[in-house]
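With the hints as your guide, set chains B and C onto chain A.
Order-wise, the sequence lines are chains A, B and C. Just so you know, this note's numbering puts 128 at position 124 of the first sequence, and the rest follows in order with no gaps. Just so you know, this note's numbering puts 83 at position 80 of the second sequence, and the rest follows in order with no gaps. Just so you know, this note's numbering puts 711 at position 2 of the third sequence, and the rest follows in order with no gaps.
Hints in this document: simulated from the structure, not taken from any laboratory. Hints are supplied without guarantee of correctness; some may be wrong.
Claimed, not checked - Okay, derived cross-link-like pairs now, DSSO-like style, lysine-lysine, Cα gap no bigger than 30 Å in a straight line:
hint	chain 1	residue 1	chain 2	residue 2
1	B	K291	C	K815
2	C	K815	A	K14
3	C	K973	C	K815
4	A	K253	A	K276
5	C	K825	B	K42
6	A	K98	A	K185
7	A	K207	A	K12
8	B	K291	C	K825
9	C	K973	B	K291
10	C	K825	B	K41
11	C	K719	C	K973
12	C	K815	C	K825
What the hints assert, rightly or not - Partial pick of chain A residues on the chain C-facing surface, computed with a CB cut under 8 Å:
hint	residue
13	L56
14	V59
15	S60
16	Y91
17	G136
18	G140
19	G141
20	S181
Stated by the list, open to error - Ranges of calculated distance between the beta carbons of each label pair, as one might list FRET restraints:
hint	chain 1	residue 1	chain 2	residue 2	range
21	C	A728	B	A160	24 to 34 Å
22	C	P904	B	W57	48 to 58 Å
23	A	E325	B	E191	47 to 57 Å
24	B	N292	C	R718	32 to 42 Å
25	A	T203	B	P104	47 to 57 Å
26	B	L25	A	V174	51 to 61 Å
Just so you know, these numbers come straight off a predicted model, no measurement behind them. For glycine and all other residues, C-beta sits at the position ideal for the given N, C-alpha and C.
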Amino acid sequence: MGSIVLEKVKKSFGDVTVIPPLDLQIDDGEFVVFVGPSGCGKSTLLRLIAGLEDVSGGTIRIDGRDATEIPPARRGLAMVFQSYALYPHMSVRKNIAFPLRMAKLDQAEIDRRVGAAADILNLTAYLDRRPGQLSGGQRQRVAIGRAIVREPAAFLFDEPLSNLDAALRVGMRLEISELHKRLATTMIYVTHDQVEAMTMADKIVVLQAGVIEQVGSPLELYQRPRNVFVAGFIGSPRMNLIEGAEARKHDAAAIGIRPEHLEISQTEGLWKGTVGVSEHLGSDTFFHVQTNASAQPLTARASGELALGYGSEVYLTPRPEHLHRFDENGLRIA
Amino acid sequence: MATQHSRSAARLMMAPAVILLLGWMLVPLTMTLYFSFKKYLPMRGDSLERGLDWVGFENYSRFLNSSSFWPSVQATLLIVGGVLVITVVLGVLLAILLDQPIWGQGIVRILIIAPFFVMPTVSALVWKNMFMDPVNGMFAHLWRFFGAEPVSWLSDASVQSIIMIVSWQWLPFATLILLTAIQSLDSEQIEAAEMDGASVLSRFFYIVLPHLSRAITIVILIQTIFLLSIFAEIFVTTGGAFGTRTLTYLIFQRVVDSQNIGLGSAGGVYAIILANIVAIFLMRIVGKNLDR
Amino acid sequence: MARAVSTRRKVMTTALAWAIGLLIFFPIYWTILTSFKTEAQAINNPPLFFGFDWTLENYSVVQDRSDYMRFLWNSVIIAGGSTALGILVAVPAAWSMAFVPSRRTKDILLWMLSTKMLPAVGVLYPISLIFVEFNLLDTRIGLILVLMLINLPIIVWMLYTYFREIPGEILEAARMDGAGLREEILYVLTPMAIPGIASTVLLNVILAWNEAFWTLNLTAANAGPLTAFIASYSSPEGLFYAKLSAASTMAIAPILILGWFSQKQLVRGLTFGAVK
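Chain A with its partners taken away, still in its complex shape:
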């Protein structure tokens, strides 16, 4: 019901091509996350799918039919904006009812759907308030409610959590994932936060400068990044990338090893180094170590608390099964 296919979709603004021809397939019911650094085109891509921007080339198919020329209102999609975009002069009830009013549904049906959505999102107590009287999280839910009542083929989320504070973000993340399980509708979610991507997605699309770097499940991207960019983007803290002599030992232009895959020992190991700044989170400890393996300091993770003073000597050993190799073009060597 909610499958979306992009064929050779291209977007230019004047002479500047922000998205070169791109293909993508999104299956019905998937939770797809577009992720990438600022300016990579993920929001633009979302808006192209929504119909809020015109494509400069290519086709967009929604459930098999060509939707490229169809205006946003008739694509059967619903969008949750970063700033929520609630109508300030309407009550919550009227906000949620608005799309149904536009669709000319009869009042009884409108009331039923609004009530159902408010129920799912715990908004029933707030139905007669105005957006200005709600907190950020509540406004977020109203925006989602407005999208739900349309019973769309797919939901589009444009960085919905970036305006919320950290604690709220974690809570809302779970709620959105719950919603997805419950409604089983396709969701396309744009974010620059790779943690959100990893925790929520069935499928992640990593974008850079308008180009899809890799499409895959979170685990795939984590375990088998296609290139140096994806390797460095997914996973926090970032993967350590080492070039030069050490990389050549493995027949590669660069090797990568994640902080969690480095064994730390005070007595012996492959790479000798000096501990710099260490970050103690209680659950983990991160060390920034200057080693002989690389000009840049390496980040290593220890589980739990490990006290190593600034300047102390330490040995790091990469676990061979987790070592990634990349060629001179930055592509993964199998």
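For chains B and C alone, kept in the frame of chain A given last:
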């Protein structure tokens, strides 16, 4: 956000405003230009039906060479300059004063803003009669109270009188603008300066004044444009006599009193050019702001 | 400021500010006061601040002898009419410039503003010629048209700035929610723009009411608004201060009240956004 659909709709929606303003600008302007090159004195028998004689740039040179021209330039400079100086200087001081914590600030603001909303004919006549009249005006009473001879303001100190009247009207505008600008000054900047050891006076000259310079420029430019075309105040008080005949008033007289349309039109063209020069500066600043 | 200012300083600045405020306001106050005096008491020396007989005779005399109501009505119609017409023309223009901007939008806007800089005296004769030709001289319609044209740039400008403040995402949300252009403007844009439109109307009524060039030169007995009526007091006969005061008070009272509410609009409308 814009689709093809929206673009053509947009163009259509702009059309009435653009067409109207285009017409408003072009039609009378072209006519003025046309008349400026012709000899046209309707009272002396010239008529449009019989066709008018082409006189080239004669009107333009006659306007400049007329004995009233330079005095009118002087009057304009005095009046516009005088009002600008008074309104800007007092405006800055008032703005600073109003920015301080004061009881009843709202009401004081209203008191100071009020003159701007009084129509020019009312303020001119109230000042002329109830304040400046040498027999019955307030100033006359005041002067006599101190044992001095009352001044015949509008006949003996006409330019100063006009400056006083117009400044009274425009001081609120300058104050309001400058007050808005002062209040937009990030207090953190001043606090940082204070932490850095700057005295009150230094803080004013090095931080407040530069921040205000932009607003002051705007005030000067906008007021200049409006002040160049002061009319009603002169019309109902001196009628242009006693050295208060500004360029605008001179042109008005050429057209309405002497009915020398050709000459008046040439003068009008000069006025338009002058106003446009000021406008160019103003538009540049506005334009830069639009980009933000 | 979070720090407390010394009470002494606050008292002094308050006193100074009030003194200056009252001084500046004095002419207006004096006019209103004088309107309630008799003509003889109006020119009394020393000037009477109190201790005179309050009377309303000036107000009735002004109305009886010069049909003040007609001029007032003209002012209302001309100010209201030109503003209404201006809004009608400007709303679509401002909408399209704010929401569907093109590369030329900024230039067009600046050009519109520049037409306001045209010195009226430069086009006085052509306009009066046109007016004679079309029988518009001394008509309210004629004046409505002219005042609409001279204020149109400001109306467009102000609406543009208010529309721009409406978050574009809300309109996009409306579009996603199925609203066509008509519904978008009717149910979402206009309710959100009403405060802005009201402010623009406010400022423009004030500007049109006070306009004193075209209203003086293009009208006579019929369509003259209050500006022209007051101007007729420039060559009066006999004692007239009290009557002038009454006429003036009536002429400026509505605008003083409106002006109280429109300070912010004044800054926005007349500095073209160059001062925030």
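Structure-based check of each hint:
no.	hint	result
1	K291/B to K815/C	10 Å, holds
2	K815/C to K14/A	29 Å, holds
3	K973/C to K815/C	23 Å, holds
4	K253/A to K276/A	17 Å, holds
5	K825/C to K42/B	29 Å, holds
6	K98/A to K185/A	27 Å, holds
7	K207/A to K12/A	20 Å, holds
8	K291/B to K825/C	19 Å, holds
9	K973/C to K291/B	22 Å, holds
10	K825/C to K41/B	27 Å, holds
11	K719/C to K973/C	26 Å, holds
12	K815/C to K825/C	16 Å, holds
13	L56	5 Å, holds
14	V59	17 Å, violated
15	S60	17 Å, violated
16	Y91	6 Å, holds
17	G136	12 Å, violated
18	G140	15 Å, violated
19	G141	18 Å, violated
20	S181	23 Å, violated
21	A728/C to A160/B: 24 to 34 Å	25 Å, holds
22	P904/C to W57/B: 48 to 58 Å	55 Å, holds
23	E325/A to E191/B: 47 to 57 Å	54 Å, holds
24	N292/B to R718/C: 32 to 42 Å	36 Å, holds
25	T203/A to P104/B: 47 to 57 Å	52 Å, holds
26	L25/B to V174/A: 51 to 61 Å	58 Å, holds
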